[in-house]
Every structure is written in C-alpha cells, then in structure tokens.
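K.L.:
Could you build all of it, start to finish, from the sequences and the hints given here?
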Amino acid sequence: MGRFLQVRVTVTTWDRDRAAEAFPRLYALAWPVEPTPAAGPQGLLELVQALDDRIRLGEVPGADRKAMLPALGRAVAAKGALEAALAEREAHTADKLTYAVEDALGELEKIAPKP
1 MGRFLQVRVT VTTWDRDRAA EAFPRLYALA WPVEPTPAAG PQGLLELVQA
51 LDDRIRLGEV PGADRKAMLP ALGRAVAAKG ALEAALAERE AHTADKLTYA
101 VEDALGELEK IAPKP
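Numbering-wise (the numbering used here), the sequence shown opens with residue 1 and increments by one.
Everything labelled a hint here was simulated from the structure, so no lab data went into it.
Here the structure is a predicted model, which is why all the values come from computation and not from measurement.
There are no misleading hints in this set.
Once the Cα atoms are required to be at most 25 angstroms apart in a straight line, the calculated SDA-like pairs of lysine to any residue come out as: (1) Lys114 / Leu45; (2) Lys114 / Glu46; (3) Lys114 / Asp103; (4) Lys66 / Val33; (5) Lys114 / Arg56; (6) Lys110 / Val60; (7) Lys110 / Leu69.
P.N.:
Shown next as structure tokens:
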C-alpha cells in the first residue's frame, strides 16, 4: 500500500435478486416477510450469518434444525475462512472459498423447510 492509496480485497453478492432466486428457501428462512423489512445488505455472506442466527437460536423447528446444522457449520466455516483470506489479501484463496460458501448454501437449500 502506498502512503495514500489502499489496496482492498473484497467480496460482494453482485446480483442479490439472482442469489435470492437460487436460494429461495434460505432467503425466506433468513428474512421472512415482515411489516418492517430487515435493513442492510442481503447478500450471500449476510445470508450465512442470518441463517446461523436463526437456526442456532432455535427459530427453526427441531427436526429441520438438526438436519441443517452440519451444512450450516460448513457454510459458517467457509465464510470465516473467506473473510480471513480477504483480510490477508489472498485473492486466489478467497476466490476458491466463494465456491465453498455457495456449495454449502446449495446443500442447505436442498434440506431447508419450504416456506
């Protein structure tokens, strides 16, 4: 980095609508329709965090919760590894980890309860 310029390595969900179409059950579970919608971004990394909060805090019934916990653990771990790679400016590693996050979300989508 220069004295005035900063190098950043970031990841964002470039098309939230397509992400929501790819994971409709997970988006419905993470952000149910409410009179006052959740504020802030609703990308895939935020989806992992919202699911972790809802599932671990017991907002998902027992059998569904139990079925989802292993894949949720993989998603949370992949998200954490991705964020660590970004912090270390390891773009190549971060790129690989984006696929791990998406794959874990794909597993979760298959077993998530229907809204």
